[in-house]
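Trainee: The residues making up each chain are set out below.
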Amino acid sequence: MRRIASLCFFVLVTIAIDARIGAGAQQPAPARNPSATNARIYFIDLKDGATIPSKVKIRFGIENMEIAPAGVVRPNTGHHHLLIDTPLPPIDQPIPSDFNHIHFGGGQTEAEITLPAGEHTLQLMLGDQAHIPHNPPVVSDVIHVRVDAATVEKTRTPAPAGASVSIVEPVDGATVGRNVKVKFGVSGMELAPAGTNKPNSGHHHLLIDTPLPALDREIPSDLNHLHFGRAQTETEITLAPGDHTLQLLLGDHEHLPHDPPIYSKVIRVRVSDKSPDKTAQAAPREPTKSGRQPSPPDAAVYFVYPTKGESIYPNSTIRFGLRNMGVAPAGIAKPNTGHHHLLIDVDTPPLDQPLPSDLNHVHFGNGQTEKKITLSPGRHTLQLVLADERHIPHDPPVISERIEVFVKTIRKRSRRR
Amino acid sequence: MRHGRFATGLFFSMIALMLASLQIAPAQAAERTASAPQSVVYFHYPLDGMRVPERFTVKIGLKEMGVAPAGVNKSFTGHHHLLIDTDMVSLDEPIPSDYNHIHLGGGQTEVVLTLPQGTHTLQLLLGDHEHVAHQPPVMSKKITIYVR
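Note that the protein sequences, when read in sequence, are chains A and B.
Note that my numbering has the first sequence beginning at 2, numbered continuously upward.
Note that my numbering has the second sequence beginning at 2, numbered continuously upward.
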């Protein structure tokens with residue numbers, strides 16, 4: 002459906018361009034600079050249909066022409082214009098300059114933009130020294146991107162000093178039955194249903210077996226994050242037998258924690274019955290001094306396959322294991338999660354900055370936990386590093402031993418039996 | 002530094018586009034998130050027929066898809082659910098959260114279990130951001146283990 006829509010869009014744009022060229026022939030327009038044959042502009046590493054974070058750096062590529070700042074008159078040059086959620090402007094006039102048409106008159110080849118949640122279109126258009134498209138115009142394909150709502154930074158509602166929430170019942174360390182009544186207490190704030198924007202108010206969120214979520218985002222809504230959007234002050238939940246953690250976090254009318262955030266201390270309850278459930282996770286921890294995401298003290302990343310010293314085939318699937326943390330795709334900020342990076346035949350890079358991304362540092366930003374790779378015969382080293390949503394290793398780093406593997410030489414199978 | 006995010010093939014982005022089109026289609030009751038072709042969820046440990054101690058770690062492998070915590074809506078990702086001594090009844094509803102259905106909503110790829118002695122079955126099922134199985138479901142074979 003979407004592809005058809007984009008096809009239609011493309012066709013319409015093409016017709017529109019033809020119409021404008023026709024119109025231009027009748028009315029004299031400002032002379033346009035010729036573009037080079039085979040000139041092409043495109044988005045680097047941004048594919049049609051991609052899901053991107055709200056704040057994203059976009060890089061522009063150009064082939065067979067060159068970039069020159071606006072105002073510089075030189076043949077076969079131009080500067081980029083980024084068209085957001087808008088069709089192509091008239092090609093015989095200067096490209097407008099507004100929110101939907103962003104000029105990079107300084108000759109920039111990358112830009113950090115912030116987009117609201119939802120579907121957007123992006124397109125690049127080259128303009129000459131006077132911001133007029135070339136003849137024929139040099140434009141990129143229209144690409145469609147989707148901005149994940151979870152990545153949108155919002156303004157947090159201020160909270161008065163001294164406001165607090167607490168779990169009145171059960172008490173910390175209590176042993177309870179499977180049906181647990183939880184009572185919430187609040188002081189210094191008023192309770193208001195979700196959607197009611199009233200100063201010094203909020204509604205409860207009960208966090209079950211999960212650390213505090215990112216505090217500058219909407220509180221997730223799932224089995225681990227229960228919303229009490231009607232300003233309830235108690236609930237009954239059913240827990241699996243075993244140890245569980247409970248914590249309250251107040252959210253504002255948009256389910257966003259306040260500034261400063263108002264949350265209770267974590268309480269632990271034991272649900273009686275012999276239990277197989279071990280979903281309880283490490284208690285949340287404050288951000289570290291280094292500014293890097295904290296990792297739980299017992300977290301570890303390791304190779305499921307191959308193991309140290311193993312002989313493997315040139316095409317092998319490397320499988321990753323992760324203990325006491327979770328996997329999250331790149332761009333997803335969630336405590337105690339990260340995504341894998343496989344370092345091949347390199348020393349450990351600096352751990353206080355984003356990991357490089359190249360043939361020796363393979364990123365698994367989609368949350369993959371295994372990867373088929375091809376290695377040349379001989380000795381190789383492999384190492385795994387977990388890193389946060391910005392590709393920066395945690396503090397302390399969650400890093401595997403650097404293992405040595407031996408890649409077998411495959412002899413061509415003899416035709417003779 | 003966003004190479005990891007975007008370094009997917011053209012094929013993948015085509016599929017992602019189709020997925021996106023599914024997502025913007027008018028909401029239908031039983032619309033489930035698409036799984037990647039040839040995706041497989043499987044046990045690294047234990048394996049079918051194994052004898053294990055009462056307390057052991059289940060290690061989970063996932064082929065052709067990624068892991069994301071519950072609540073994260075990203076194409077071709079999901080989080081693991083471990084079904085113990087149970088059959089999954091309806092794939093169109095959220096996976097229950099109880100003694101027999103353990104959610105690894107934090108994106109975990111392993112979980113420590115303590116099971117009573119005897120014969121038990123384990124099965125893995127990937128769920129999407131809303132704890133609903135994908136279409137087609139990414140489910141492991143049901144394995145039998147002996148706890149001694």
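Quick caveat, the hints were computed from the structure, so don't treat them as lab data.
All C-beta atoms in this analysis are idealised placements derived from N, C-alpha and C, irrespective of residue type, glycine included.
Among the hints, a few may not be true.
[As the list claims (entries may be wrong)] Here are the simulated lysine-lysine pairs, DSSO-like style, with alpha carbons at most 27 Å apart: (1) Lys-309/A with Lys-266/A; (2) Lys-142/B with Lys-48/A; (3) Lys-199/A with Lys-60/B; (4) Lys-60/B with Lys-48/A; (5) Lys-409/A with Lys-64/B; (6) Lys-309/A with Lys-60/B; (7) Lys-142/B with Lys-199/A; (8) Lys-373/A with Lys-142/B.
[Claimed, not checked] Examples of chain A residues toward chain B, derived with CB under 8 Å: (9) Arg-75; (10) Pro-97; (11) Ser-98; (12) Thr-176; (13) Ala-215; (14) Arg-218.
Trainee: Does each hint fit the structure? Answer for all of them.
Mentor: Hint-by-hint comparison with the structure:
no. : hint                     : result
1   : Lys-309/A with Lys-266/A : violated, 42 Å
2   : Lys-142/B with Lys-48/A  : violated, 35 Å
3   : Lys-199/A with Lys-60/B  : violated, 47 Å
4   : Lys-60/B with Lys-48/A   : violated, 33 Å
5   : Lys-409/A with Lys-64/B  : holds, 24 Å
6   : Lys-309/A with Lys-60/B  : holds, 19 Å
7   : Lys-142/B with Lys-199/A : violated, 52 Å
8   : Lys-373/A with Lys-142/B : holds, 22 Å
9   : Arg-75                   : violated, 32 Å
10  : Pro-97                   : violated, 28 Å
11  : Ser-98                   : violated, 27 Å
12  : Thr-176                  : violated, 17 Å
13  : Ala-215                  : violated, 11 Å
14  : Arg-218                  : violated, 10 Å
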